[in-house]
Amino acid sequence: MGQYINLNVLSEMTRGDSDFIKEMIQTYLDSAPADFEKLKKEFEAGDIESLGKTAHKMKGATRSMGIVGHELLFTIEQIGKGNHPKSELGSVYDEFTRLFPKIIDELQNEKENNE
Amino acid sequence: MTEPKPLKVFVVEDDEWYRKFIAYTLKLDDSNEVKTFATGKELLGALDESPDVITIDYSLPDYLGQDLVKRIKDYNSEIILVIISGQEEIETAVELLKLGARDYVVKNDETRQRLLNTMVNIRKTVEMREEIAGLKEEIGKKYDFSHTIIGESTPVKKVFKLIEKACKSKITVSITGETGTGKEVVAKAIHYSSALKNKPFVPVNVSAIPKELIESELFGHEKGSFTGAVKTRVGKFEEAADGTLFLDEIGELDIALQAKLLRVLQERELNRVGGNKIIPVKARVIVATHRNLINMVKMGEFREDLYYRLLGLPIELPPLRERDKDVILIAVQFVKDYAKDNGEKQIKLTSSAKAKLLSYPFPGNIRELKAVIELACVMCDDHTIDENNIIFNSPDKMQHVLTREMTLREYQAEIVKNYLEKYNNNVIKVSKKLDIGKSTIYRMIKAGDIVME
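Chains as they are written, first to last, in the numbering used here: chain A, 1 to 115; chain B, 1001 to 1453.
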C-alpha cells in the first residue's frame, strides 16, 4: 500500500487477479493524464459544468483504484452540478492538481515493481 | 447437467477503465458473451445483434441514461437494461427503473458483487422467459387444428376452411354443434392458430356458473359492491385482455344479462359491478352452443339483437354420424393417445371392431367415441381391439335411431334388437311386448338383420 494508492480495493474487487490489476494500472496510466489535461483546460476556461463532467468521468476509476483524490473529484463534480459552493473550487482543484502527478508517479512505480 | 445458454451482454461505458472492469466482471461467468461500446451511438448501431442484456453508463458523452433507455426499449422492449453509474441519486434511479431498466448499480467498492448478483437474477429471468416461450409454443402445437381436428370427410373439410378464415381475422365466431362435437377444441384451435396465440385464451362455461354470479364472473366487481365482495375482482373480459374470450354454452345466458353483454360487445367497454370506471374491452369473442339459438330467439328466450351481434362467422360442427369414415381416423388417434399415455405398445383395431364403430351413430359424438375407445383399450387382450371390446354405453341407446336415416326394415330391426337386449334375448317375451309373431323375429335373425350378442 502506497502513500496515495491503496490497490487492496482493486485487489478485493478482482479477487487478487494480478494480471488484471496490472492491465487496469496501465489503462489508468493511459487514460487519466488525458482526462487531467482536459480538467485543467476546463478549469482555466471557467467551464464549471464541463469540469464537473470530467471529474465525474475520472471519479469511478480513481475510487476503484483506491486513489486518495477521488473525494476531491466528487467535490468538483458536485460544484459542476451546482450542489456545492463554487467558492471551494479553487482550493479543491489546487489540491487535486498537486496530488495527481504524485499519483501517476506512484502508479508508474507500482507497475515497474510488478514487471 | 446442461450448460447454461450464453447470455449476450453489451456494455456501454465511455470510461475505458470502467468499461474494462465491467467486462472483466461479467466475463467471470463463462456463459456471458460480452461486447463493449464507448458511445451510445455505437451501441444503438449494434442492437440488431440482439443482445439479451445491456449495461449502460448513465452519463455518456452523447446520450443521457434516460434517452438511451427509451431508444433501446423502443427498439426491443425485451432487452434487459442495467444502469451502472456514479450517480448516487435516488430520483435518477427511480426514473430509469420506471422507464424499464431492470436494475441500478452504483460505481463503488460493491459494484462487482452487485453486478454479479444482478446477472444471476437476470439469468433466472431469461431462463424463465424461454421456458414460458417454449410452453406457449407447445400449447400452440397442441391446439394446432391440423393436429387436433382429425378428419377427411367433406363436412369436416368445410369446417377446416372456416377455421382458416377465422384464424386470419378477429371476427366474432359462433360455433354450434351437438354435445361432444369438439366446440372448445375448435375455439382453442382458432385462438392458437391466430395472431392472438401468445395472448390469453380464457374459457367460460356459462352453464356452469350460477345465474347470480355470472355478471361478476364476466365483468368483475369492485370491493364492497355486494355482500361477499371483500375485494375488487377482475372479470373474464379483463382477464382475456387482448386475447380470446370463449363463452361456451352461450344459450344458457340469463335473458337479463344478455342486454348487458350486448352493450359491452357494442360499446367495447365495460364497468365492473359496483364500479364507475370505464374499462376498454379488447378481447376477441368466440361463443359456442349446442342449442338452436334461432329457435330460442323465436321463443323469446334469446335476444335477437345479441344473436346477430354474436353470429359473426358461424361454424357448425357436424355430428360424428355424418362424418363418414372420420370415426375410424379419430378412433385410431385415440388408441395411439391411450397407448402413449399409458406407456403401452401399439394397440390394433381389428376390421370387425372398425365395422362396429362405423355401424354406431355416436349420439355423444367424439366425447363418446373417446370413452368407448379408452374402455376398449382397457378391455382388449394382446393389444388387439376386436368387436367384443367395443361396448356402447350411451344412456339412450335408441336416440340414434331417431337421428340416423334408415329404411323402415332397418328401423324395425333396431327396435327388435333393442328389446332383445333388454329382455335377455327372450324371443317369446319380446314378441309379446312388441305384439309381433315369434317367427317374424326369427326371420329377422336368420336374414342377418339382427345380430344376437
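Misleading hints may appear alongside valid ones.
[Said to hold, decoys possible] PhoX-like cross-link-like pairs, simulated, lysine-lysine; straight-line CA separation at most 20 Å: (1) B:K1020 with A:K111; (2) B:K1197 with B:K1170; (3) A:K41 with A:K86; (4) A:K22 with B:K1020; (5) B:K1170 with A:K22.
These aren't lab readings, by the way, just hints derived from the structure by calculation.
Now the hints, each set against the structure:
no.	hint	in the structure
1	B:K1020 with A:K111	18 Å, holds
2	B:K1197 with B:K1170	12 Å, holds
3	A:K41 with A:K86	17 Å, holds
4	A:K22 with B:K1020	12 Å, holds
5	B:K1170 with A:K22	63 Å, violated
Checked against the numbered hints given earlier, this structure breaks only hint 5.
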